[in-house]
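Enquirer: Protein chains in written order, with the numbering used here: chain R, 1 to 734; chain G, 1 to 703.
Source of the hints: derived by calculation from the structure; they are not laboratory data.
Treat the hints with care, since some could be wrong.
Stated by the list, open to error - Ranges of calculated distance between the beta carbons of each label pair, as one might list FRET restraints: (1) A130/G - A698/R: 34 to 42 Å; (2) G595/R - D37/G: 39 to 47 Å; (3) R113/G - D634/R: 48 to 56 Å; (4) R469/R - A161/G: 41 to 49 Å; (5) Q549/G - S523/R: 45 to 53 Å; (6) A130/G - K578/R: 16 to 24 Å; (7) G209/R - G232/G: 55 to 63 Å; (8) R561/G - H384/R: 42 to 50 Å; (9) K656/R - W348/G: 38 to 46 Å.
Here a beta-carbon is modelled for each residue, glycine too, at the ideal position from N, C-alpha and C.
Listed below, chain by chain, are the residues.
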Amino acid sequence: MSAAAIDPVTLEVLRHRLWIINDEQGRIASQLSGSPVVYEAKDFNSSLLTPDGESLFVGIYMTRLSLCLNAVVKTVIASFRDNVGYEDGDAFVTNDPWAGAAHMNDFLMVAPVFFEGQLVCWTGLAMHEVDVGGPNPGSFTVGTPDVFGEAPLIPPIKMVERGKIRNDIEALVIRNSRTSRLNGLNMRARLAAINRTRQRIQEVILEYGLPTLMEAQSRILDLVQASFARRLRSLPDGIWRSEGFLDHDGNENRLYRIRLEMTKRDDRLKFDFTGTDVQARGAVNCTRVGLESGIMSAILPMLCYDMSWSPGGVMPQIDIVSAEGTLNNARHPAAVSMATVSAIFATSHVTSGTIAKMLACSDLRQEIQANWAPAWQGTTMAGHYEDGAPFTAVLLDETGGAGGRSWKDGVDTAGLPGTPAMAIANVETYEKEYPILYVYRRESPDTGGQGLYRGGVGTEGMVIPHRNRGSIDTTGITHGASQPEAQGLYGGYPSSVQVKLLLRNTDIKRQFAEGTIPVSVESVGAEKIELMAAKQRTLLNPKDAIVVVCAGGGGYGDPIERDPAHVLRDVESGLVTKSVGRDVYGVDLRTSDSGLVVDTAATDTLRKALRKRRIEEGRPVSKGASPVLQGLADGTEVTVQRRIGDAVNLIKVDNKKYYACQKCGRPLAGAEQDPKTGTLAREINVEVLSHWNRFAAAGEIVVREFCCPDCAHMIAVEVRKKGDPMLYDTEIFD
Amino acid sequence: MSYYIGIDIGGTFTDCAVLDDTGRIVTIAKSPTRKDDPDEGVINAVTAAARRMNIEPGALLKDCRFFIHGCTVATNAIVERKGVLTALVTTRGHEDAIFIGKASQKVAGRSERDMIHQSHLDKADPPIIARRHVIGISERIDSHGEVVVALNEDEIAQAIALLKREGVESVAISFLWSFVNTAHERRVQELIKKALPGLFVCASHELAPVLGEYERASTTVANAYVGPKLVGYIDRLESRLAKAGYRFPLLLAHCMGGLTTMQEVRSRPLLTLDSGPVSGVLGARFFGEVYGEPNIICADMGGTTFDVALIEQGRYILEEEPVIDRYTCLIPKVAVESIGAGGGSKVWIDENDLMRVGPQSAGAEPGPACYGNGGSDPTVTDVNLVLGYVSPEGFLGGEMKLDRESAERALDRVAASLGLGRMETAAGAFKIVNAHMADLMRRTSIDRGRDPRDFVLFAYGGAGAIHIAYLARELGISKIYVPSFATVFSALGMLTGGILHSAERSLSASFPVAPAAWRELGAVFEQLEHRLNDIFDQEEIEPAARRYQRYVQMKFRLQPRALPVLVNDSLDHDDAQEQLIAAFERQYSGLYGANASYRDAGVEIVKCRVDGSAATVLPKLVAEDIKSGADAAAAIVAQRDIYLTELDGYASAAIYAGERLRPGMKIAGPAVVERMGDTILLPTFASAQVDGFGNIVLNLASR
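Extracted from the complex, chain R is given alone in its bound form:
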């Protein structure tokens, strides 16, 4: 077909209209679904795609699924164009991670949209199912070395033929699930959404004509590509690095490393994951589509916050270097059932951290944000109601905090990053569906990383079996249980670790009978308290309780520069404990007649002492400091070239460039070195940051802080594996 000329007004109109169509199909699918993980936690996404399967728009839901639909459409086109074929009214489903699904729990439905025999576009929905079979209720499989021990894979298969559901295929698709009726209902929710999209596309064509719509699709991608390229050109060229860890592979607790080196040159962005650990013998891996979606889930909210979310326009500016057979680019038959909450999340996490460091070197200071909580704190449960009927549940009922910003604290109990619309369901929603009772659910103090602007805190919840029969088969899935994983920025501390505790044989029912409600672990009498591993399957017995604590976000900036009034407010609100206020923020709070007040003089003394300690205990990062590190003579002419976060400035003295402390001006490193080179480093005890950190694997990880040797201004805090060198994380080309 010849390209139709399209005027800018029509283009703008159609851009709007197609975005709305995609959003509408997402909303319909979620509202008609029967799973709280979909209609509340928004673990799904929708996409409109070009006839070639490029993603024109992806919805505001789970962006860690953002490239899955386009991968499936491309698989369908490649595999079926000449064989099975696809026609008007057809729809294909799959849950195969090597065909585009993120993990087996996500069933994707894609459908071609035709007009008078011509393929106009594709559309589709990815949606998490509570259970898709396999040995582990909820289908996140603990204890398998490979994919053969997980839920069955369904490669792309035509389930709807010219508008009619094929009953034989549908049976195949839902037969293995513990929740087959629910899965059947959800299939229809996807179909309802696709029906609506077909109707809408038809309306667009009748109004504007097919050639105009076809032209608009490619123009929209061009526009987003141009916008994205322009955004990249506005940012400095350089290299930024981050490393993240994934603890526990479902079989043993070991730390897996994801390493990212991101290079930005002109209008291109390269993500190099060389150095990432090889794929695990356990369910935490993800396939290539997960790697790409993980990257995209950080790019969209952090760099495309003011443009259409069109992955098909962004991808052409991106290069990805990753070796097949690694943790986030796993080869068959790697186990991948936990991909969305493990390797994809960790990929998203390091990518966000790296992009934040790049933004911190740019004019877009307002966009800097430390890491959000590192991963979902998930629990799946299966057992029986009191009448003996079985149930299977996946609880997305707790949430972490957002990372601190360069201008404001991170949002408390904020949900997951890259999933703007997600919610944690009301406890009443879960109590209605499942035989459990929430003893409490609250915001948990000291779970957010401290900083000039602190990370938002996470939730803490306690659940007991209620009105059930027998024990509940329970699986916990998370990471960041061994190490604080939401890293801070520029002196901000990391979040706490994520914690799951099993309280065995408790006195809760007795307390209830006596008219009291315990609201902390300490106020419950239990025979034994077991720390759950990051991935563990266990039985929750009738008198047991499970406690889930979510990490918050990382902090931003030096905590001892935080406004004491804000520390007071946080302590009063129960988001920070008094001891952390004193030991980490250096704020002395006294009780007076009008309640808590800041003792200003004592606070000054405390903060001085903290600074002194940093310098006394700190050891120079590099031995044999060069002359530039000795400070500048009074009256030296210094021009500030670039501000980096609230930590250092890139300065120019006599035509040479250095990094200098932003507080006192002392040069810390040459521009060709990492800014931390001239700082003092010390390792800190993470238990000071949060009492939850007593559950961290202290022997394996270290938290190092780096401060200016003159004024003790904190430049950076890093979470590393014991023995790791300092991370050379900022290399600016100008």
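Following the hints, position chain G against chain R.
Expert: Quick look at chain G alone, frame taken from chain R:
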């Protein structure tokens, strides 16, 4: 002679409309809104109306039979954080639910455009309630309504002491599962009322007896927060009106699209949310009834926003969970959707060199470039001036002259960076803002599964009538009503509403429903009607005038949302269950496609609702006789060249003076009608006739 007075307090003006007992509009008046002292603005508007009628305000009020009021006091109290010191009493262990806000509070009520800006999302900041004023009480009820932990009365005594100590002015009570078992909430309510008489106290089981502890608490807290303020204001107004001569109870417009008395608003002040825009919808529905138009899209374009609502089969669409400044309020509200598109919306160039319009507005200060108050960015009003639709002389009935040269200069700057001519640019901006408005109309109609071609359009507000013909054409709508007095349409609208109350109750039942439970369904409906009957009794509404409509909310098992299915017939016959399921499936398939229905999942009922209405308390508007053959030429005051986008060029248009138009007169496009507060553009494809109410009815040629 008796009068009917409608008062709408808007952001800028307090509007007043007065009808007489024959239903004729006697006069309209406006007075600046007094934000800190709204009753003063109301009295001023009434005084202005009396002045236009050449009578004393006291005489007008003495002869007034119904004084009806809509306001934004409740909305503003929340948005501007000007409510009272409020406490929340809730289940121990769940005190933070109101702050956690399900994590999604940070995006509640935001547009997609805002939601994708992750670094700038925040929850309600500051919250409308302080943490130290959230009091947890040991008590627990489970999902079956059984008491798991008995209510701890010692803790209530402590709570009461704290309320006293802190000087709390208003208390919200919201316990887990209180909608299934109300005992604990009722007991606490009783104890607090006894200990602290005069305190405003409200409980979630009364305000929002539905599943979801966050939304219940949010609603109850919002209600408590605005309560004393709103009730205080209305009490003040009522006594001022009484002193000034008004002899009857004050009636209030509410967000569900009807009128109610102080009685109900005293316990549910949140009902008055957005009652202004909602009243506009009321007016449109009333006129729709008069005209025999059951399906209406209401389009209200003012200076900064464009509000759209739908009336279908004579009924509004109710939004079950409206959001006010991040707080979800479970007070069903007539769905009015809004975007930033109005006369003040700015025309600008984005980084892709594309022309954009809005959502930023030049506001009233500095306003459009043509106001000459220093605004240099072109706005929609400037565009309409340059295109020739708005007369530099005719704006606001000549009270406000416009500076065409400033508008041109502003537009030329945009044109230069686009490499386009002035008129091309203006026409482009006109098309873009139309496209945004049409999108909103599409979202409001088509996205709800409604075909706009089955609707007529009602256009009101000061800025809409220029664009409306194009919007109609875009959506395939062929008939548009532009009411007379379009600028005070909301004040007029509330005069046309009936008294409307609603009562609902959670009720879970899966099909097939056991006979006992099925009978309970009937009993619940009767209870709900009984409750409404009591309210009507207090309002002295004639029993014969009371109307009830029953709905069951139905869904497939496990789904979160239900569809309201109208129950027309008795539930007492053998195949009543099957018929109800069939009605539900029909509705469901109509919305989502035949292959989307799935009876295998099970069908269930979650809620019963009864709407009670009494429509006869207000007079009907009376139309003037239409004189056939009345010649509109007498109303032509000028001939002007206007630039029309459908021609990509100029056409000569007759300019009509609105006040000279008489019922029956016919106008052919292209033409412009200039009225007191607005301008109506008839493009080449439109013609119009003035009806007996002085409303102008546009007809569009089929495309």
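Enquirer: It remains to establish, for every hint, whether it holds in the given structure.
Expert: Outcome of the hint check:
1. A130/G - A698/R: 34 to 42 Å: 38 Å Cβ-Cβ, so the 34 to 42 Å window holds.
2. G595/R - D37/G: 39 to 47 Å: violated (35 Å)
3. R113/G - D634/R: 48 to 56 Å: Holds, at about 51 Å.
4. R469/R - A161/G: 41 to 49 Å: Given a distance of about 44 Å, which is inside 41 to 49 Å, the answer is holds.
5. Q549/G - S523/R: 45 to 53 Å: holds (50 Å)
6. A130/G - K578/R: 16 to 24 Å: holds (19 Å)
7. G209/R - G232/G: 55 to 63 Å: The hint (55 to 63 Å, Cβ to Cβ) holds, given that G209/R and G232/G are roughly 59 Å apart.
8. R561/G - H384/R: 42 to 50 Å: This hint is violated: roughly 28 Å between Cβ atoms.
9. K656/R - W348/G: 38 to 46 Å: About 43 Å separates the Cβ atoms of K656/R and W348/G, which means 38 to 46 Å holds.
Hints 2, 8 from the list above are not met by this structure, while the remaining hints are.
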